[in-house]
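Asker: Sequence:
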Amino acid sequence: TNYLNKVASIFKLPLNLVYNSIISIQRDKPVIIDKLDQLSFLHQLIIDYKIKSNIQLEFIPTYLHKNSVKTKLKPKGYPWDIWFFQTGINWALKNNIELYANAIQKVTDDDNSQNSKASLKVGFKYFINSMSLDLSITNLYYLHGTALIDDLGVSDYSENFRMGFQINKIFD
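Under the numbering used here, the letters of the sequence shown match residues 1188 to 1359, in that order.
Heads up, a few of these hints could be off.
Taking CB as the label site, the calculated pair distances span [claimed, not checked]:
1. 1349 to 1211: 29 to 37 Å
2. 1283 to 1309: 25 to 33 Å
3. 1347 to 1197: 24 to 32 Å
Using 35 Å as the maximum straight-line C-alpha spacing, the simulated DSBU-like pairs for lysine-lysine come out as follows [unchecked claim]:
4. 1304 to 1237
5. 1312 to 1281
6. 1239 to 1193
7. 1237 to 1193
8. 1239 to 1281
9. 1237 to 1281
10. 1199 to 1356
11. 1304 to 1356
12. 1356 to 1281
13. 1312 to 1356
14. 1199 to 1237
15. 1239 to 1312
16. 1239 to 1199
I should point out that these hints are in silico values taken from the structure, not numbers from a laboratory. Predicted model only: the values in this text are computed from it and were never measured. Where is the CB? At the ideal position from N, CA and C, for every residue including glycine.
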């Protein structure tokens, strides 16, 4: 049960709140202490605010933990813990067609994630039953929805824009 959305509906707030969590493994990362060295974690609180019935603003604070340094010693500021803030707009043209644009800004002040300080993504989604087809343009290195977790540590990172196509399965 989603208690936060029930509270928002009691007060008649046009909000939708979703918690998103991802665990990723980096198989190419060397193991220093144990296999957990290869894990990365992404946590997001997705806040959708309906402006109109077909237009939503998104605010997404994001916490990313990535074991990106070669030590288990306690470095100053824990460089593997990074905060981002994403904001965007989704415009439903029809029931199954959506245009979207978002911007992601790194909030944590460190030198660890020299790539991925800010990024933009613009796209078009077409929904078919429980799937979505997504055509997008972005300056993220990877094109999938949680690309931040993989973008950190890319050695040949550039801020060039890329075009990509994704097929996503939607689980209700």
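Asker: Tell me the numbers of any earlier hints that the structure contravenes, in ascending order.
Answerer: 1, 2 and 3
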